[in-house]
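Novice: The primary structure of each chain is shown beneath.
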Amino acid sequence: MAVYLLKRLLFMVPTLFVISVLVFVIIQLPPGDYLETYIAELESQGESVDPDRIEFLRAEYGLDKPMYEQYFVWASGMLVGDYGYSFEYGLPVNEVIGDRLFLTVIISVVTILFTWAIAFPIGIYSATHQYSWGDYGLSFVGFIGLATPNFLLALIMLYLANVYFGTSIGGLMDPEYIDQPWSVDKLLSVLEHLWIPVVVIGTSGTAGMIRRLRANLLDELQKQYVVTARAKGMEEKKLVRKYPLRMAMNFFIADIGSLLPSVISGAEITAIVLSLPTTGPMMLNALQSQDMYLAGSFLMFLALLTVVGVMVSDLLLALLDPRIRLQGGAAK
Amino acid sequence: MTTHFVSQEPFDPHSVEKLTPEQERLYLSSQWRLMWLKLKRHRLAVGSSIVLVVIYLFAFFCEFLSPYNLHTRNTDFIYAPPQRVHLFHDGGFIGPFVYGHTYRLNMENLKREYSPDRSDIQKIRFFCRGDAYDFWGLVETDVHLFCPAANGHLFLLGTDRLGRDMYSRILHGAKISLTIGLVGIVLSFILGIVIGGIAGYYGGFVDNAIQRLIEILRSFPELPLWMALSATLPVTWSPILVFFGITLILALLDWTGLARAVRSKLLSLREEDYCTAAQLMGAKPGRIIGRHLLPGFMSHLIASASLSIPGMILGETALSFLGLGLRSPITSWGVLLNEAQNINVVALYPWLMLPVVPVIVVILAFNFLGDGLRDAADPYK
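The listed protein sequences derive, respectively, from chains G and A.
Using the working numbering, read the first sequence as starting at 1 and increasing by one per residue.
Using the working numbering, read the second sequence as starting at 1 and increasing by one per residue.
For reference, chain A alone in the conformation it holds in the complex:
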């Protein structure tokens, strides 16, 4: 008979693999923290989120950062081209300044011609008083980060057909264009979670009905339906109502994808033991869904929701461009681009197309951020 060696030491289950404190922290960290750690390594996503934060800050402080107000007209400078900012004049340092425009109407083709007047040096002022504005309804002030020289003018990105400064208008437009995507996504998020939650949790007839509804909504091509719905917004509505109408339309057609994701997740999760336990303890469906089931895949939902923000921004731009979306005086990038509809613009006033640059940047940034979030939220990657 052979004898076995039996250690008398108390058994330590971690004896095989000792965890360093670092590993331990990683293993015990919450889902959100894991997601954050993964996201941090996705350089493109981090860069994009920085870009987005900066752009949103610009939109938030747009009145302060722009030299003119949204509707300030400079009737002497209609379709003025962008001015270049110079630092030196004839070899001497002056500081940031622009040359004043001299205006001449070319009588042959009736084209407005502007040329920089090198004798007219207009120094840009900083932290100066200009157009009065109401900062978010809180403070009334007229301080701007920079303004044109006294009695001068400053059009960094040119002016439009009413002599309004494009740079200021693009900044003001950002406010609307950037919020419409966020408001829309919040609405569609709520719709998707509630409707998808109901479908997934109850199953059976309710699920079937909702599934069919989603299928029907999806069987319309997106743009024609957008167009049809926004054509139904009465012309008599105030611009603010139209804004909400458009957001609602964008959201109403967007929630289906999220609802499907919520439903399929809930269908499997509601069979879990912890869900049964909650039911036995008398929790109501709303609480079970909201408190126990949703947090399990919230990160995934947010990631996929962020990917549909660019679609909404593009949608608003397209609708406004067609004249079906927002209308002046509400100004979004789409409304600005509406003025660039004409081929003449491309040929004569190409700076009117500049609002497309922030559109592209924002959409790319949201796409990259969404990609990064999705990868980070995926536990199998």
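Next up, chain G with everything else stripped away, as it sits in the complex:
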């Protein structure tokens, strides 16, 4: 096990290296750089641009250096936890992201819990009552959830919440609490706003999860050990919970890998529509204004989390399921 873990960790190094090169290429791809966007913006506002100042900035941020040197500076900085400088905010990337990360994690964690709380009972019900009206109905609702674009759902919920509950439009709290220290009222206001993003982001995830849990559980329910247990007179509820459900959980553990990055990226589109102070809209903004270090750090961070997440779920699977062997080929 230790050897396997070490191997996986070692293997992450070249993977992350390639990813970092890819990320750097992607953020460099748009023609021009942030300073050009900045100049254009100033000129459109009728302000004059001092060429000396631009040259100074360019040298300051290393934008005049060749590509590979810029990459090297960026990548080596990341190794020691320095993610570079956000042009737009005029702050180090760490500080810019730090603020938003907290709220993003709150929303994501609540959403994940919501998804599980809804998806599990429904998935189990659908599988144990296959082809019943309940199963059809729930599957249909799930399909609709999958097919409806999230942003539209967000808009409609926002509107309904405003009309029926008087919740203020957008954001994660009433405007008067922004930049205020945390208090009970602020917390209540956050709670009042939180449910919309949670429900909106949650629905699509729930639908997918219900379908997979149902499919996995159905496969297990047909196996012989279930028949045996039933023949021996085991109570139906206990039977499902005791064996097939545990086997069907494998997909769920394998999912953890993709869960980690989604906690951070915080459902970009919904967040943009709801103007949540999370990381998603910030990343979109950074991409559009070519705030390259901010955008690059985001992408890199997300990729890192995926790689780590996949490793964690592989390890968990190996721990929890004795059938999965670490050394390939030995099981033949």
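Hints are computed from structural coordinates only; laboratory data are not their basis.
Where a beta carbon is used, it is the ideal one built from N, C-alpha and C, also for glycine.
One or more hints might be untrue.
[Stated by the list, open to error] DSBU-like cross-link-like pairs, simulated, lysine-lysine; straight-line CA separation at most 35 Å:
1. A:LYS40 / G:LYS223
2. A:LYS38 / G:LYS223
3. A:LYS18 / A:LYS40
4. A:LYS18 / G:LYS223
5. G:LYS7 / A:LYS265
[What the hints assert, rightly or not] Covered stretches of chain A, going by a simulated chain G footprint (3 or more residues, C-beta under 8 Å):
6. 231–238
7. 343–349
8. 356–365
Given the coordinates of chain G, assemble chain A onto it according to the supplied hints.
Specialist: Only chain A this time, still in chain G's reference frame:
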């Protein structure tokens, strides 16, 4: 010594189980035919494919079926609500008609208010002349299936902020939204088969390299990467180039799943005797893969490919909605929904959200069809 009875009749191997002609046809039918027979029994999939065919036909004939052109502006009718089609007026049958809109600007809240004018009966004309259009670059014509009454107007689904008819725009948008998924899937199909084929057939180092590449591509969350890539499309590009750029981006991130499926199948199939035979006879790798190996699991590939079309359509919608995807004058459902971004729209002009209805219908239909195809292609079910 006992004697055995030995029949002198010639031995017929089918004597135990006589096949009816029907069974014989089934047993001898090709893989594609078997798949078709199975698919036919999947009612949801059949229904979905009919829906899809109808929708594609609508998209194909969109100019003919819509009363206005994509960019026709009716400056007198900005944000006009949908009109209802009536058949009877005051108990008398007139045929399909709409009441004309009367427009009033509410000076208190500066809201445009439209109300049906019951004295103004506008009969819908059929097979009539309206906006001129170029039908697929073949015929220039101005015949529409139905148009508003002369000097009248007809907005079945309302108008947008420039007074453009939503019904016509949704139909025109279908053309782009529906092709982007198909073009994208074709691209990713080709990429997946070629790259997966190379990995599976050669194995060893090539396989390893490609596997790592796939892993790396998969280690990016999809949407941020889409966003990042479409942000790289230069603003100066013409809308058509952007369209192809977006399709390419969707395809570039989608082929990995197919490539994996192709690879794992090829790894096992290349050990088969018929493959060795082809090699001994001097067939080149390209021919062996394309001619002998791929047809063995093509049906399975197509089924799984069809399941990723809805993802592509949703992806385009999302990107365009964010303003990162297609841009006007190219109009897709996502571009139309981009206008519905504002909360005011939900409150005041809810009909601008209507493009989401075809999105949902198409995505559901593709999902059901894909499910049906997958079940049909699975020989063990």
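Novice: For every hint, state whether the structure bears it out.
Specialist: Results of checking the hints against the structure:
Restraint check: the Cα-Cα separation between A:LYS40 and G:LYS223 comes to about 29 Å, which is no more than 35 Å; the hinted pair holds. Only pairs whose Cα atoms come within 35 Å are accepted, and A:LYS38 paired with G:LYS223 is accepted, the gap being roughly 25 Å. Distance restraint check for A:LYS18 and A:LYS40: the Cα-Cα separation of roughly 27 Å lies within the 35 Å cut-off, and the hinted pair is therefore satisfied. Taken as a hint, the A:LYS18 and G:LYS223 pair is honoured in the structure, with Cα atoms around 34 Å apart against an allowance of 35 Å.
Taking the CA atoms of G:LYS7 and A:LYS265, the gap is about 27 Å. The hint holds against a cut of 35 Å. Given as covered by chain G, the segment 231–238 of chain A passes the check, having 3 residues with a CB less than 8 Å from a CB of that chain where 3 are the minimum. With a cut-off of 8 Å between beta carbons, the segment 343–349 of chain A has 4 residues touching chain G; three or more are needed, and the interface restraint holds. Only residues whose beta carbon comes within less than 8 Å of a beta carbon in chain G count, and the segment 356–365 of chain A has 5; three or more means the coverage holds.
Violated hints for the displayed structure: none, as all numbered hints are satisfied.
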